Amino acid sequence: MMATQVASQASSGSMIELRGVNKWYGEFHVLRDVNLRVGAKERVVVCGPSGSGKSTMIRCINRLEEHQAGQIVVDGVELTNDLKNIEAIRREVGMVFQQFNLFPHLTVLENLTLAPIWVLKQPKKEAEQTAMYFLERVRIPEQARKYPGQLSGGQQQRVAIARSLCMKPKIMLFDEPTSALDPEMIKEVLDVMVELAREGMTMIVVTHEMGFARTVADTVIFMDRGEIVEAAPPKEFFANPRTDRAKLFLSQILGH
Amino acid sequence: MSDTQSHYTSPTFAGTANGTVMSRNLTDHPAVRWARAKLFNTWLNTVVTLIFAYLIIKMVIGVVTWGVINAVWTVPGTNTQACRALSGSGACWALIHEKFRFIMFGTYPYDEHWRPALVIVIFLALYGLSSMRRLWNRNLIWIWLVGLTLIGILMWGGVFGLNFVEQERWGGLPITLILATFGIALAFPLSIVLALGRRSHMPAVKVICVTYIELIRGVPLISLLFMASVMFPLFLPEGLSIDKLLRAQVAIILFAGAYLSEVIRGGLQAIPKGQYEAADSLGLAFWQKTSFIILPQALRLVIPPLVNTFIGMFKDTSLVLIIGIFDLLNSAKTATNEPAWRGFGLEAYVFVGVIYFLFCFAMSKYSQDLEAELARGHKR
Numbered sequence: 001m002m003a004t005q006v007a008s009q010a011s012s013g014s015m016i017e018l019r020g021v022n023k024w025y026g027e028f029h030v031l032r033d034v035n036l037r038v039g040a041k042e043r044v045v046v047c048g049p050s051g052s053g054k055s056t057m058i059r060c061i062n063r064l065e066e067h068q069a070g071q072i073v074v075d076g077v078e079l080t081n082d083l084k085n086i087e088a089i090r091r092e093v094g095m096v097f098q099q100f101n102l103f104p105h106l107t108v109l110e111n112l113t114l115a116p117i118w119v120l121k122q123p124k125k126e127a128e129q130t131a132m133y134f135l136e137r138v139r140i141p142e143q144a145r146k147y148p149g150q151l152s153g154g155q156q157q158r159v160a161i162a163r164s165l166c167m168k169p170k171i172m173l174f175d176e177p178t179s180a181l182d183p184e185m186i187k188e189v190l191d192v193m194v195e196l197a198r199e200g201m202t203m204i205v206v207t208h209e210m211g212f213a214r215t216v217a218d219t220v221i222f223m224d225r226g227e228i229v230e231a232a233p234p235k236e237f238f239a240n241p242r243t244d245r246a247k248l249f250l251s252q253i254l255g256h
Numbered sequence: 001m002s003d004t005q006s007h008y009t010s011p012t013f014a015g016t017a018n019g020t021v022m023s024r025n026l027t028d029h030p031a032v033r034w035a036r037a038k039l040f041n042t043w044l045n046t047v048v049t050l051i052f053a054y055l056i057i058k059m060v061i062g063v064v065t066w067g068v069i070n071a072v073w074t075v076p077g078t079n080t081q082a083c084r085a086l087s088g089s090g091a092c093w094a095l096i097h098e099k100f101r102f103i104m105f106g107t108y109p110y111d112e113h114w115r116p117a118l119v120i121v122i123f124l125a126l127y128g129l130s131s132m133r134r135l136w137n138r139n140l141i142w143i144w145l146v147g148l149t150l151i152g153i154l155m156w157g158g159v160f161g162l163n164f165v166e167q168e169r170w171g172g173l174p175i176t177l178i179l180a181t182f183g184i185a186l187a188f189p190l191s192i193v194l195a196l197g198r199r200s201h202m203p204a205v206k207v208i209c210v211t212y213i214e215l216i217r218g219v220p221l222i223s224l225l226f227m228a229s230v231m232f233p234l235f236l237p238e239g240l241s242i243d244k245l246l247r248a249q250v251a252i253i254l255f256a257g258a259y260l261s262e263v264i265r266g267g268l269q270a271i272p273k274g275q276y277e278a279a280d281s282l283g284l285a286f287w288q289k290t291s292f293i294i295l296p297q298a299l300r301l302v303i304p305p306l307v308n309t310f311i312g313m314f315k316d317t318s319l320v321l322i323i324g325i326f327d328l329l330n331s332a333k334t335a336t337n338e339p340a341w342r343g344f345g346l347e348a349y350v351f352v353g354v355i356y357f358l359f360c361f362a363m364s365k366y367s368q369d370l371e372a373e374l375a376r377g378h379k380r
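Which chain is which? The protein sequence lines are U and E, in order.
In terms of the working numbering, the first sequence opens at residue 1 and continues consecutively.
In terms of the working numbering, the second sequence opens at residue 1 and continues consecutively.
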């Protein structure tokens, strides 16, 4: 209890705070002393070469992965082994995955209403209204009665975004949301994300879409070999990367 | 001229016309073409086809001769002279005719046979209702509770003016259905718990489940039944005894639970990690995640091996005959113990074989339909 209070005081004004976070997979050091502060309504884009720990870092924020050292505080609640804290944080944090991870045996509408009904204890009617509202927001209300397998990749990812939004999260995490999509579908998903950002959602987005970073991000974070190498506003980062590693990465990703 | 035309429209004439067309183009008929392409396309295939055709025809003739043409359907009383005279060249269906009620109901009091007969009807009705997907809701539990209560009242009696019939006198098909139904219905939830437990992150839970599964799976059902019927009572305090049928039932449930749990674990392991993560990230608690996301998908995946195990269990209930419970198979066997009918075991076994087959085939057919129906729901 003490620790939680201290943490919440220290993190006043920030939604997410990582302090000296370390993680190992056996001998492999995936996260090295990661420090990150994300304020309310801040949009952070995380980029870096594959295997640099980007996904692992955001997956630690809602405890899909466990960190072994350091402190993670989300909206004043510290992530510990306490199931209550984990559940509280998961209720505040939505997540969108590279592989969509929709529930294939449930219709789109059921995908959207399951968690609100069982976790937030919403009446079914209300949950369905909310679901339809968000389906309209992601522009596919007509697919409500279909099964995920009947939708295109872009549509599935938009359903996944809507599914997270139905939980009314304060924070949205995106783990390479467009990497599994065919090129012609990337835009429809990015459009939804841009809109979400404009409305003031606190977002951390792991992506290679540098155009998105430029238009939306407040901060771009560059990770390499498990550490945060650079953190800067997009203009600064793209114009003047300070480190050689970032320069190399940018030349590789923007070079063609 | 007009006469001929009117003939053309008459069905008889059209039929004949069709017939001539058929016979003229017989070699073009799809069946003939198929046979030529698949059965008679090389000299080797032709030889093989002819040999097997000969064997099949020979067998069919043999079965029909034994089972129908030479068969004796009834004999006067227990005068089985006519059957004995066949000396195996024909079936003595008179046995079934004479012993039908004994095979179906065992040693249940003869005048009360309507009670186990009604029990069989109730069981069939319960199976029928349960197979309808639109009835899959809470009401089904009540239907089952009512049905099983009725079955209990009918079998035991002792209330509502029904004579009390002790369990030792029950027999025949109701015993088989009781053992199989409770066996499957209770082993199934047990197996889900075991399968989840085996995948648990809690070491104690995992060790207990693994030990249970490996121990039970590692011994034959027969030895479990022996333990239940012979050893178990030795451990009970004097004067306390538990119904023999119940003990056999528990042994069957424990055994089937271990087998089924491994089938279900197979399904659990086939669910992608992303499904767990998506459920976690939405804040679903363990049991919500398990019952709404993971199990529905896992069970659907394992319908074929699941039904395979169910069918095996249904037939395995016949093993209770070795501890002296009169299930369907044992009743049939006992029916031929009477001197007059000794030696006609084959007919009895064929008869119960048909009954077992009907139940197992119905299960298999239903599972196929269910699979197709579920697959139609969400095409990938």
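For the record, the hints were derived by calculation from the structure and aren't laboratory data.
Each hint should be verified, as a subset may be incorrect.
Said to hold, decoys possible - Simulated pairs of lysine-lysine, DSS-like, Cα-Cα distance not exceeding 25 Å: (1) LYS124/U to LYS168/U; (2) LYS289/E to LYS168/U; (3) LYS273/E to LYS315/E; (4) LYS247/U to LYS41/U; (5) LYS58/E to LYS121/U; (6) LYS289/E to LYS315/E; (7) LYS289/E to LYS170/U; (8) LYS146/U to LYS124/U; (9) LYS187/U to LYS146/U; (10) LYS170/U to LYS84/U; (11) LYS121/U to LYS187/U; (12) LYS58/E to LYS84/U; (13) LYS170/U to LYS146/U; (14) LYS146/U to LYS289/E; (15) LYS289/E to LYS206/E; (16) LYS125/U to LYS168/U; (17) LYS84/U to LYS206/E; (18) LYS125/U to LYS38/E; (19) LYS315/E to LYS244/E; (20) LYS146/U to LYS125/U; (21) LYS38/E to LYS58/E; (22) LYS124/U to LYS58/E; (23) LYS146/U to LYS273/E; (24) LYS84/U to LYS289/E.
Quantities reported herein were computed from a predicted structural model and do not represent experimental measurements.
Results for each hint:
no., hint, verdict
1, LYS124/U to LYS168/U, "16 Å, holds"
2, LYS289/E to LYS168/U, "19 Å, holds"
3, LYS273/E to LYS315/E, "37 Å, violated"
4, LYS247/U to LYS41/U, "28 Å, violated"
5, LYS58/E to LYS121/U, "70 Å, violated"
6, LYS289/E to LYS315/E, "35 Å, violated"
7, LYS289/E to LYS170/U, "22 Å, holds"
8, LYS146/U to LYS124/U, "18 Å, holds"
9, LYS187/U to LYS146/U, "23 Å, holds"
10, LYS170/U to LYS84/U, "18 Å, holds"
11, LYS121/U to LYS187/U, "34 Å, violated"
12, LYS58/E to LYS84/U, "74 Å, violated"
13, LYS170/U to LYS146/U, "28 Å, violated"
14, LYS146/U to LYS289/E, "22 Å, holds"
15, LYS289/E to LYS206/E, "19 Å, holds"
16, LYS125/U to LYS168/U, "16 Å, holds"
17, LYS84/U to LYS206/E, "24 Å, holds"
18, LYS125/U to LYS38/E, "60 Å, violated"
19, LYS315/E to LYS244/E, "19 Å, holds"
20, LYS146/U to LYS125/U, "19 Å, holds"
21, LYS38/E to LYS58/E, "22 Å, holds"
22, LYS124/U to LYS58/E, "66 Å, violated"
23, LYS146/U to LYS273/E, "23 Å, holds"
24, LYS84/U to LYS289/E, "16 Å, holds"
Violated hints, listed in ascending order, are 3, 4, 5, 6, 11, 12, 13, 18, 22; each of the other numbered hints is respected by the structure.
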